[in-house]
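Protein chains in written order, with this note's numbering: chain A, 1 to 247; chain E, 1 to 304.
Hints are not guaranteed to be accurate.
Facing chain E, a subset of chain A residues (Cβ under 10 angstroms, in silico) [what the hints assert, rightly or not]: (1) Lys79; (2) Gly118; (3) Met138; (4) Met196.
In case anyone wonders, no lab produced these hints; they're calculated from the structure.
No experiment lies behind these values; they were computed from the predicted model shown.
Ideal Cβ positions, reconstructed from N, Cα and C, are used throughout, including at glycine.
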Amino acid sequence: MTMLPEASAIKLGLVIDLDICVGCQACVVNCKEWNTAGYGAPLADSDAYGEAPSGAWLNRVHAYEAGDGADSRTVHFPKSCLHCEEAPCVTVCPTGASFKRAEDGIVLVNEDWCIGCGLCAWSCPYGARELDPAEGVMKKCTLCVDRIYNDNLPEEDRVPACVRTCPTNARHFGDLGDPNSEVSLMVAARDGIDLMPEQGTRPVNKYLPPRPRRAADETPVSLVAMAEADTPKGFWKWVDSTLDRLG
Amino acid sequence: MRPAWSIIFFTTISGLGLGLAGWIVIGLLPLMTPASVMGVGIATLALIGVGLISSTFHLGHPERAWRALSQWRSSWLSREGVLAVIVMAGLAGWFATAYGGGRVPFWANLVLLLLIYVTVYATSMIYASLKTVARWHHPLTPVCYLMFAAAGGLLAVLALLAILRLPITAALAQAAIVLMLSAWGVKLAWWRVAGMAPQAGSIESATGLGALGAVRPLMPPHTEENYLQHEMGFVVARRHADKLRMIALLLGGGLPVLILVLAPASAGALAVAVLAHVVGMFVERWLFFAEAKHVVTLYYGEAA
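All chains should be modelled from the sequences, with the hints used to inform the complete structure.
In structure tokens, the structure reads:
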């Protein structure tokens, strides 16, 4: 059913900390691995070892430079489905394959119904959907729905693969519908933002902007002075000059 | 946006067929003999049907296309499919009645006419409803589709009148000229107004990093072109856009109007006019896709 459900109380999603991400791409790789081996059709590649390798990925990390001069900085920017509350990809779907779960707000694709028309990918401003080159069905982030509710996994693994694997803890998973959840508090404390708010999609996923740079409040230590050796005195002066004389 | 041939063929050919059907159901093409009813009926339904079938060729799973009829409550693509099926069934009934010598009641003709134009509107709304493509998300987009269906359809009516050796009144030929010029007038306005529509948003709003200052892409997230760029960042057309627009305008509008002025009764010349119009519309539709730019390209550092 591609009508959007009533807004759910539980809004599962990700909070991504742009201050911390180092762009290591571990989340990208672990996402690909988990979604290739798990539910549904594998996340395929085409011409993987050839001239023009391509493939479907559900999570990609861009890198940007923001600001100018001494205050400019490099920002690594992971991007995956934002599980929007007003998901345009759901309402454009002609078959009912694209849907938003009423119980937790996760946006999913029923691969047995998808005709691969690509209209949902056209409707998504974030580029979160990619057509599987082998299977001809639309692929997208499932928020690892097959991990987060999976009783067969140890409890610490019941989070999305990208969150579990992030070595810097830049990715957080939780209920953004609960104002007291850890992720909601984080968003409130850091003024978390929506991507492309002008599109009216009301994303559940939030991004934490890079923290303001700390002001340089004292003159920096001179590294050159530190590196220059003191002139030796007393006994060490005698050793120094004697060794010099020996050649 | 990547111009898929099957979609261009579908919107052009089905649009022409629907426009033709619209004029037929209001009685503009008097079909005197069962043979002419049969011939025109098959031609009209074939135009609409072939277009529809071709639209499934770009699908990953064409065998599941029937599922696309289910979500008419939210999806314009689904609505378009449902309406097209209803219109085809209605037209088949109309031609069957005419073949049997019966008369279709006035109200049924009006309902059929309305459904035909709502179908064309639904086709246009598949694209016009997408907020992500600024150029398409414009009130003039459906007007272009509706006008071209009406103008192309009337041109086809004139060609069929000439082929069936029926008289073409001067008023009808003039109406065809006015309609064709108006349709291209709207298209020219669309090229100016919608074509210039700036992309909502910027790389700063896309990344949310605007507070830090200007944002520039540093590294792409992949080494080769991916599905998104292949699908949303088509560039060939923009390089030759001006030339292609001129070709579309001359073939799709200029030549047909010239023929309507010079030889409004010649079956051969009118057939050429229809053919030129179809080729011109192909180019116009190709540009409609190829020139359009998706907002996701902002993430790849393309200017809005």
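Quick rundown of the hints versus the structure:
Interface restraint check: A/Lys79 against chain E, minimum CB-CB distance 7 angstroms, threshold 10 angstroms, status holds. Proximity of A/Gly118 to chain E holds as hinted, the smallest CB-CB distance being about 7 angstroms (cut-off 10 angstroms). The beta carbon of A/Met138 comes within 8 angstroms of a beta carbon in chain E, closer than 10 angstroms, and the hint placing it at the interface holds. For the restraint placing A/Met196 at the interface with chain E, the shortest Cβ-Cβ distance is roughly 5 angstroms, inside the 10 angstroms limit, so the hint holds.
Checked against the numbered hints given earlier, the structure satisfies every one of them.
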